[in-house]
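A.B. asks: Model the full assembly from the supplied sequences, consistent with the hints where possible.
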Amino acid sequence: MSLITLQLGQCGNQVGGQIFSTLVDDIFAKSTGLSNKENQAYMQSSLEKFFTQRETAGRDGSSSLPMARAVLVDMESKAISHTLQQAKKSGRWTYCAKRSYHQKRGSGNNWAHGFCVHGPKSHEDVMDLVRKEAEKCSRLGGFVSLMSLAGGTGSGVGAYITQSLRDEYPHSFILNQVVWPYTTGEVIVQNYNAVLTLSHLYDTADALVVMENDTLHKICNQLLAIKNISFEDINRVIAHKLTSVLQPCVSDSAGGGQMCDLGSMLEHLVPHPQHKLLTIKNIPQMSDVAREFSFHQWSGLIKNLRQMLIANAPMEEGINWAIKPSSRTASGHTCFNRSLSSLVVLRGKDANSVDPFYFTDSSIYTPWMPSDMTCCVARQPRLFCEYEKSAALVSNSRASVQPLNRIIDKAWTMFSTRAYVHQYLKHGMTEEDFLDSFVSLEKVVASYDNL
Amino acid sequence: MSKSNHVRGVIELFCKVLLENKVSHLRAETLRQAKFNNELAIEPLWELLHDIICYCDGKSPNGKECRVTFNKTAAAVERVKSQLQKWGYLNPGLSQLPVDMSYGSRQLLLAVGWVVHSQKLFDQVISKRTNPLYQHLLTFIETRSKTPELEKSPPESHRSTVSSKEELQKQLVLCGKLQLSLRRLFAVQQEMAKITRSVHMYTKGVNLQPELDHLTTLEVYLLRHPGAMKHMLEELEQDNEQLKHLLDWKDKEHIFWQWLDSVLDLSIQEGDPQQTLLSLEEEELVYLPVPSTIGRDIDAARTELREAILKHEEDIERMEQIVFRKSQKVSQVEREVTTMLMDRDLVQLSSRLASCGIGPTLSAGASTLLAEESQQEQSAEEEAAPLSSSRFKFQLQSERSIKAGKLNILTNAVNKKTEALRERVEDLEETLRQMQLQNLEQLQQLVNQNTDVICILPRHFKGLLNT
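Residue numbers (this note's numbering), protein chains in the order written: chain A, 173 to 623; chain B, -15 to 451.
Rather than coming from a laboratory, the hints here were simulated on the basis of the structure.
Incorrect hints may have been included.
Simulated restraints on C-beta separations [as the list claims (entries may be wrong)]:
| no. | chain 1 | residue 1 | chain 2 | residue 2 | range |
| --- | --- | --- | --- | --- | --- |
| 1 | A | D300 | B | Q193 | 35 to 43 Å |
| 2 | A | R226 | B | M213 | 31 to 39 Å |
| 3 | B | E218 | A | E464 | 50 to 58 Å |
| 4 | B | V190 | A | D197 | 50 to 58 Å |
| 5 | B | Q193 | A | Q257 | 51 to 59 Å |
| 6 | B | N191 | A | D300 | 33 to 41 Å |
Below, a list of computed lysine to aspartate or glutamate pairs in the EDC-like style, where the Cα atoms sit at most 16 Å apart [said to hold, decoys possible]:
| no. | chain 1 | residue 1 | chain 2 | residue 2 |
| --- | --- | --- | --- | --- |
| 7 | B | K149 | A | E307 |
| 8 | B | K6 | B | D299 |
| 9 | A | K221 | B | E225 |
| 10 | B | K0 | B | E195 |
| 11 | B | K0 | B | D223 |
| 12 | B | K70 | B | E27 |
| 13 | B | K154 | A | E558 |
| 14 | B | K0 | B | E225 |
| 15 | A | K308 | B | D41 |
| 16 | B | K112 | B | E13 |
| 17 | B | K56 | B | E13 |
| 18 | A | K615 | A | D581 |
| 19 | B | K178 | A | E307 |
| 20 | B | K214 | B | D232 |
| 21 | B | K161 | A | D544 |
| 22 | A | K260 | A | D197 |
| 23 | A | K521 | A | E558 |
| 24 | A | K221 | A | E307 |
The beta-carbon is built from N, C-alpha and C at its ideal position, and this holds for glycine as well.
C.D. replies: Next comes the structure, spelled out in structure tokens:
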């Protein structure tokens, strides 16, 4: 099974490059905790999933490097050429340079420019690249689109390309990883862009993995103890989160022994058409230096992870332990982070013997969800990124509603005074488009609130 | 070897073939017990009949496609009886057997014999056999590794407090899950097709089956896994053995039928004590699907028919009287109306009779025939013949004579008409000639008066004038 990664816009390309290099780091990691044969199988499976490999080496030997199954799209050439260069410099993997599409001029942080102008213009070429990549897969497991919400190209062109992907591949799985902008914001119209992107993606993609810049920043600051946090550091955290879920693992459900591919993950996590927002929580996360001197117990990790889910804490530090599924607010409402479904991925030593009973408890899920469909566990005895034990939790929960609400509110305040709207209208959008987007997102918020 | 040994061997073969082809499990002893009406044989024989029925319906009870097992209930027994009657086994001996399976193993044995013969069970068995080399790779691996079947957890008990809104959400979730599962299935199927294709491509030019130009996936698998080859060999040997058993059966089949004949003889000689006891009650048991109200329906139909006949008789009498009274004065309209009324009744009654399976069918066309009949009489004879006799005539006349009569009337009418027309034409010709003459004379006079005009008459006019 193979996944095709679409790197859209500047952010998408940077994150994509980081993801592939994290993958390669993990695949060729020194300590694996497995026998050579099992390790080979894991490596083969992972390489098959994310890379293509030529069977015969070229004359210079470079062609034997794994080549990422990726399509790079940006309206400026800067980010793409930088990413290509970075990959080449690593000397362990490459991109196929032919699978990139770029133009001279960017979208200028204008969603409408990306969606209405660049999108239709680049549609045919990008789809051609995707088709070529898809033809190389013996089984197309799905698409992973990486993009940001705030910018113009990633969000505008990204939304358009996702729509085209759905049209072209109606039966494949599409997972969109979206980077949520900082609350303080680099771009004045980021809330408009985010609202428009989210509402469009909600119709076409199967699931949206939300990565909040604020949270990622905190993780870098507190857990990884980085002083001057750059986007590269943040991208590394994103890559760590995504790969910890997407790397090969074996799912417990349905008789057991089944490879947990993207399809089965999505089937489990996003069966409800109105609930598509996913968040990933990881434990433990620490700097390379600290890792060597730390020791974890599975029971402790799982317990922490569960409380992170209930209290909606982004990391294991500073979790509010007072929140319990049984606790109620003064008005009688539950105040914990209720989920629709969750997927726990356990990687590392003794992962096969861990009992995740903390997550099978039905009180943390919405009452109408059938109890056998709430929690799914996937395991992989191989160490992940040289962590001895690590757990990742993908949850379809209320966690993203708060930031979503914030964005909608801000965008609405701006829209009520029609600020900057003319910039969007001049590219062929109408005010109704805005209103439709607001309405559909309000619906999403409402359905999550009703969990 | 004695004859009884022969028989025993063949009966054992019969059971073995049924077992090997997954028709049914049966002990040879059971059949022998059944010959002597032993009670122990009753239940297994009902089960055998049930299994044969399932097999012939295309659903093998032990196969994967069907899990209907004989559950020893009265309903299951009745189902077997009903199916046998549908196939045409109308022996009351079987249908009278009690549903609690308390006796009647010999009757059942006879029924088994009849079903095996009439449904050509062994022909079906042979036609359903497949070559193990042609089976799908997955079925081969499955039978070999015996993967544990998925445990079916019982459906979650319905929570009593679930509101309809929550139920709706739940359905939405299940629906979404199903959709995503289908997509996954689609992807896996595509992968399967791609991989199979690549196997076929790489093995192009090598073949084990003469009609193919490549190896099948099963063959490639066997070549790569020597252990599987051994397994396949076993399977083939087993297949061979089973085929041999079938051949043996074909050879020795007659012994089985002879034995069954002896069972029939025994049954006739001894009679069945319980059967005679039951037949005293004169209850005919029918298990064919008939509507439950059939008895009432038949009674109702019968009384309706009787009433209709009575009503009709009255009508006839009344009409005869009317005809007598009016004799020649019957107007056309009256005649038509009565004909129509009577005809409608006739058709209705005859259709009722036909539905009961008695009497000829009479279509609506009878009315026209009847009408023509009476018209013919009117025009030809102008005599007031009693209507009853005309009806009588109609019933006797063959179709050909009716046609001839019709033709006669037609030719008469045509002849008369032509005669009249001819006379009219002659009259007209005469007047025309006279008018022409008059006109010519007038013209002649005019010409004579005016000398400036030169008139040249056509030649045949001159001839006319001269005459």
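A.B. asks: Hints the structure violates: just list their numbers, smallest first.
C.D. replies: 4, 7, 8, 9, 10, 12, 13, 15, 16, 17 and 20
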